[in-house]
Amino acid sequence: DAGITQSPRHKVTETGTPVTLRCHQTENHRYMYWYRQDPGHGLRLIHYSYGVKDTDKGEVSDGYSVSRSKTEDFLLTLESATSSQTSVYFCAISGQGEETQYFGPGTRLLVL
Amino acid sequence: SQKIEQNSEALNIQEGKTATLTCNYTNYSPAYLQWYRQDPGRGPVFLLLIRENEKEKRKERLKVTFDTTLKQSLFHITASQPADSATYLCALGNAGKSTFGDGTTLTVKP
Numbered sequence: 001d002a003g004i005t006q007s008p009r010h011k012v013t014e015t016g017t018p019v020t021l022r023c024h025q026t027e028n029h030r031y032m033y034w035y036r037q038d039p040g041h042g043l044r045l046i047h048y049s050y051g052v053k054d055t056d057k058g059e060v061s062d063g064y065s066v067s068r069s070k071t072e073d074f075l076l077t078l079e080s081a082t083s084s085q086t087s088v089y090f091c092a093i094s095g096q097g098e099e100t101q102y103f104g105p106g107t108r109l110l111v112l
Numbered sequence: 001s002q003k004i005e006q007n008s009e010a011l012n013i014q015e016g017k018t019a020t021l022t023c024n025y026t027n028y029s030p031a032y033l034q035w036y037r038q039d040p041g042r043g044p045v046f047l048l049l050i051r052e053n054e055k056e057k058r059k060e061r062l063k064v065t066f067d068t069t070l071k072q073s074l075f076h077i078t079a080s081q082p083a084d085s086a087t088y089l090c091a092l093g094n095a096g097k098s099t100f101g102d103g104t105t106l107t108v109k110p
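Protein chains in written order, with the numbering used here: chain A, 1 to 112; chain B, 1 to 110.
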């Protein structure tokens, strides 16, 4: 997990409230990713970024938005949280020309 | 649609034996395949990468094979130890994006 932090690590929120998760890296890597991990579904890509202000959708992007205003920070926002977004969220990074992804410690989100 | 299947959700073996985990895929032409290890409450950690033009890769007690005709990868841990107990994920990759399998949980009993 060195070089990647996620905050908060745990969060409980209510349906309908906005939630922002933060991923911070100190590796100066170009690519950043947000995944969610659920039993029976494995890791699924939500959004990814290939540079500052450059982002694209993954396979489960509905209900999520992202922003990357600095190389080191990638924010994931749930505009109006729903119970189906209860999950563990992982951020990952990779360098230019690298296939390997390095994962953060994860954020456990519970939407009541 | 793309589909990745990892053999049985759980695999139990005796210490010292070789663990073999399987990753099968359909409707996908990956440029590379990776194996990650995930411990409870932690993020996945990269173990090995094998490219589409490679048949086999080794790293210490780990060995990965990749058969693009069968659309299958095998992941072997030789001389397994209780410390190898974890969930192992395979991931198919292309152009910097990866699709992950659900994982196989390996338990090595002393």
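Hints in this document: simulated from the structure, not taken from any laboratory. Virtual Cβ for every residue (Gly too), placed ideally from N, Cα, C. Some hints here could point you the wrong way.
Lysine-lysine pairs mimicking DSSO-like chemistry, simulated, CA-CA at most 27 angstroms apart [as the list claims (entries may be wrong)]:
{"#": "1", "chain 1": "A", "residue 1": "LYS11", "chain 2": "A", "residue 2": "LYS57"}
{"#": "2", "chain 1": "B", "residue 1": "LYS71", "chain 2": "B", "residue 2": "LYS17"}
{"#": "3", "chain 1": "B", "residue 1": "LYS17", "chain 2": "B", "residue 2": "LYS97"}
{"#": "4", "chain 1": "B", "residue 1": "LYS97", "chain 2": "B", "residue 2": "LYS63"}
{"#": "5", "chain 1": "B", "residue 1": "LYS3", "chain 2": "A", "residue 2": "LYS70"}
{"#": "6", "chain 1": "B", "residue 1": "LYS55", "chain 2": "B", "residue 2": "LYS109"}
{"#": "7", "chain 1": "A", "residue 1": "LYS53", "chain 2": "B", "residue 2": "LYS97"}
{"#": "8", "chain 1": "B", "residue 1": "LYS109", "chain 2": "B", "residue 2": "LYS71"}
{"#": "9", "chain 1": "B", "residue 1": "LYS17", "chain 2": "A", "residue 2": "LYS57"}
{"#": "10", "chain 1": "B", "residue 1": "LYS17", "chain 2": "B", "residue 2": "LYS109"}
{"#": "11", "chain 1": "B", "residue 1": "LYS97", "chain 2": "B", "residue 2": "LYS3"}
{"#": "12", "chain 1": "B", "residue 1": "LYS63", "chain 2": "A", "residue 2": "LYS57"}
Output of the computed footprint for chain A on chain B, the stretches with three or more beta carbons under 8 angstroms from beta carbons of chain A [to be verified]:
{"#": "13", "stretch": "11-17"}
{"#": "14", "stretch": "38-46"}
| request: Give me the numbers of the hints this structure contradicts, sorted from smallest to largest. | output: The structure conflicts with hints 3, 5, 6, 8, 9, 12 and 13, although it agrees with all the remaining ones.
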